[in-house]
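A.B. asks: Take a look at the letters that make up each chain.
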Amino acid sequence: MKAFLTELTLFVLFALAFYAVGLLAFPSFLKRNVHQSGNSHFYFTLKEAKLTQGIDLLFLGSSHTYRSFDPRIFKSAGISSINLGSSAQTPMQTQILVNRYLTQLNPKKVIFEVNPLIFSLDGVESAMELTANDTITPSIVFMVAGLFNLKAYNTLFNSWLRQAFHLNSVQKPYRGVNTYIKGGFVERKMSYFHHKTYNSQRWLIKKEQVKYFTETLAYIQNKGVSVVLVQAPITRDLYNSYKNNLEFDNLMRSTRLPYYNFNNIIFLDDSLHFYDGHHLNQKGVELFNRKLIEMSNGSILLR
Amino acid sequence: MLFNSLEFALFLPTVFLLYWFVFNKKLKQQNLFLILVSYLFYSFWDWRFLFLLIFSTFLDYYTGLRIFQSDSKKHRKIWLFTSIGINLGFLGYFKYYNFFIESFANLLHQFGLGYSYIPLTIILPIGISFYTFHGLSYVIDIYYGRVRPTTNYVDYSLFVSFFPLLVAGPIERATHLLPQVQVPRKFDANKAADGLRQILWGLFKKVVIADGCAMAVNKIFDNSSEYTSSSLILGAVLFSFQIYGDFSGYSDIALGVARLFGFELLQNFKFPYFSRDVAEFWRRWHISLSSWFKDYLYIPLGGSKGGTWTRIRNTFIIFLVSGFWHGANWTFIIWGLLHALFIVPSIIFNTNRRNLSIVAAGRWMPTVWEFSQILFTFGLVSFAWIFFRSESLSKAFTYISGIFSSSIFKLPNKGTLDKYLLANILIFMAIEWIGRENKYAIEKVGVFQYKPVRWLIYSSIIFFIGMFMKTTESPFIYFQF
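Protein chains in written order, with my numbering: chain A, 18 to 320; chain B, 64 to 544.
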């Protein structure tokens with residue numbers, strides 16, 4: 018038995034080494050279960066974040082964040098900002114980002130974009146995005162380990178190897194349908210949303226994500242940074258298809274933090290101001306951001 | 064807990080180490096521990112049905128003893144039919160109740176009689192078809208004096224509930240497995256290594272081949288009217304590989320896992336797609352079920368004795384029952400009957416036992432004749448799979464009429480096939496062909512002299528699994544039966 022287990026252990030080490038070589042050397046078509054680094058805007062966002070200090074606003078959240086808060090518009094109003102939004106970012110990943118970057122970025126205020134979707138996801142997609150693009154830390158390892166997802170494990174192993182052997186090539190921000198804008202924003206080539214009907218549905222809020230959310234809020238506030246919760250607008254038809262929006266609003270209000278649901282504040286046109294059900298086009302972004310800044314002169318943003 | 068899940072990847076080594084290091088002192092300890100972990104394994108699906116499994120186990124254990132102890136044939140018969148009745152009663156209720164009531168209502172409707180019914184929401188307990196057949200074979204074997212009942216309830220429980228075979232077989236026999244349960248197992252490193260090798264190959268079949276095919280198959284079968292004839296043919300062929308990879312992959316994992324604990328289970332597949340006729344296919348596909356039907360249904364019905372028509376009648380009966388065993392749907396029944404039809408010519412011309420050996424044994428390649436026989440048999444089997452895969456008879460007929468439509472000369476629809484899937488299937492079938500004279504395709508890799516070569520082969524398979532495994536849960540097809 019002892020000889021068998023020794024042999025098996027040696028084989029596992031051999032197989033791990035082979036796996037590592039495969040991840041590093043094999044052509045990409047064989048690496049289907051790996052989220053590659055440099056595939057998204059987030060790689061550049063984090064690169065910028067590492068070099069940024071002392072800003073007015075830090076935006077947190079999912080694609081609703083990095084496609085809805087344009088730092089150029091805020092800059093024109095004299096507000097410096099960085100947008101740490103990433104695809105399907107759930108509070109689980111936001112917590113890791115905040116723990117890592119809040120002190121260094123030292124923002125005056127955090128704008129946490131809180132759409133119900135981020136509370137209903139398992140966090141796998143966003144975990145891979147974070148793992149593929151940020152430096153691997155114990156908190157990332159623990160987060161991925163708890164996901165029970167092979168693609169996330171592959172991504173972690175691949176990223177760790179690439180970082181350990183300094184194999185990450187220097188990428189250039191992409192331009193095209195989606196263009197990366199300095200400060201973590203992604204501008205979409207102007208297009209319009211074609212009306213779509215949605216069946217009646219409900220948000221399914223995961224308790225686990227609420228726990229991460231609450232912990233993250235407490236951490237930010239303990240650092241002396243105030244937080245504003247903002248729900249960016251989505252198309253009206255999509256928003257109205259959810260029957261428990263009020264339930265989510267109440268959940269956000271229970272934090273006793275300022276909470277603004279822009280689906281009820283700004284009235285945008287589904288076709289003219291969105292490019293899909295969830296995301297504003299640039300025209301919509303401008304209207305939304307101007308409204309936010311306009312309100313900030315009163316109270317929201319800088320006081 | 065699926066064999067292809069990360070949970071099972073934690074469960075198996077834990078149980079393995081506890082079994083060989085902590086519970087290895089006495090036979091009773093080994094068996095009790097395996098029962099407990101088997102029940103735990105089963106509870107991951109639905110703990111409520113554990114009671115049904117325990118009841119079924121007790122029923123067969125008790126009736127087995129009573130059959131053996133009864134001094135009159137009448138009493139033995141009463142106990143036998145009590146066991147069969149209750150076992151099939153449970154199976155009938157959970158699996159067939161809605162089917163029968165719906166068919167009955169439809170029949171009355173044909174005669175102009177209205178009959179309204181409310182279908183029951185019944186959850187099918189996982190593995191019920193398998194453990195019921197386990198128990199039935201035990202009591203029937205006792206009745207016919209082929210086996211003595213065990214007086215040890217723990218031993219019997221393990222025979223029924225051993226976790227590698229609990230949810231989808233192979234359907235074991237008391238004559239084969241019970242003696243293994245009754246003796247202490249000693250660790251054998253070669254057997255364990257062989258078990259791990261078979262698990263690896265089973266995972267490859269499931270994760271790379273079956274799950275790889277599943278996406279294309281689901282798309283094609285769910286929207287068959289939108290696809291060209293060639294796409295539909297491709298869909299049927301891919302389903303053939305999917306179900307083979309899925310079920311034989313499951314069986315390989317089950318056999319490999321059992322071997323890790325010192326047990327040899329019945330071989331369930333012997334490279335069925337290299338069969339030269341449908342009769343040979345059935346000697347190589349789901350062997351534990353087809354031999355069950357042969358021993359407990361075909362032979363009691365008279366088997367091959369009594370002339371051609373009796374054999375044809377018996378063949379139709381076992382394929383009808385076999386189809387019905389798979390599920391309460393006419394599609395399965397037609398699938399079974401089609402196979403019976405495919406076999407009939409070989410019964411009439413007495414050629415059904417012509418191909419008993421392994422095709423092209425000792426040679427690298429088959430002859431042109433053998434190759435054409437294999438292709439023809441594969442074509443027939445794939446055609447029958449269309450019924451097996453379709454949700455209803457009308458969908459199956461729509462699918463088949465799509466195949467024989469004017470679009471037969473058009474290329475498959477764009478995007479039907481993952482470009483790497485075809486390459487994976489070709490590699491897979493090549494390996495299966497090379498290894499067809501063994502118990503499983505990569506069995507002989509274990510005898511390669513150079514360890515680095517062996518390890519490179521295993522590591523390549525692991526890499527493939529890691530890169531192609533679906534990140535969403537993909538249960539085995541046969542779990543639904």
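If you're looking for bench data, these hints aren't it; they were derived computationally from the structure.
Keep in mind that this is a model prediction, so the values were computed, not measured.
Incorrect hints may have been included.
[What the hints assert, rightly or not] Pairs of lysine-lysine residues, derived as BS3-like cross-links and limited to a Cα-Cα distance of at most 27 Å, are as follows:
1) 88/B <-> 254/B
2) 240/A <-> 126/A
3) 19/A <-> 89/B
4) 213/A <-> 282/B
5) 48/A <-> 88/B
6) 533/B <-> 48/A
7) 477/B <-> 213/A
8) 240/A <-> 125/A
A.B. asks: Does each hint hold? Answer for all of them.
C.D. replies: Results for each hint:
The hinted pair formed by residue 88/B and residue 254/B meets the criterion: a straight-line CA distance of about 20 Å does not exceed 27 Å. For a cut-off of 27 Å, the pair hint linking residue 240/A to residue 126/A stands: about 11 Å separates their Cα positions. Only pairs whose Cα atoms come within 27 Å are accepted, and residue 19/A paired with residue 89/B is accepted, the gap being roughly 20 Å. In summary, the hint linking residue 213/A to residue 282/B is supported, as the alpha carbons are separated by about 23 Å, within the 27 Å threshold.
Using a Cα cut-off of 27 Å, the hinted pair residue 48/A and residue 88/B is violated, with the two alpha carbons roughly 45 Å apart. Simply put, residue 533/B and residue 48/A have alpha-carbon atoms about 13 Å apart, close enough for the 27 Å limit, and the pair holds. Between the alpha carbons of residue 477/B and residue 213/A the distance comes to roughly 26 Å, so the proposed pair stays at or under 27 Å and holds. Only pairs whose Cα atoms come within 27 Å are accepted, and residue 240/A paired with residue 125/A is accepted, the gap being roughly 11 Å.
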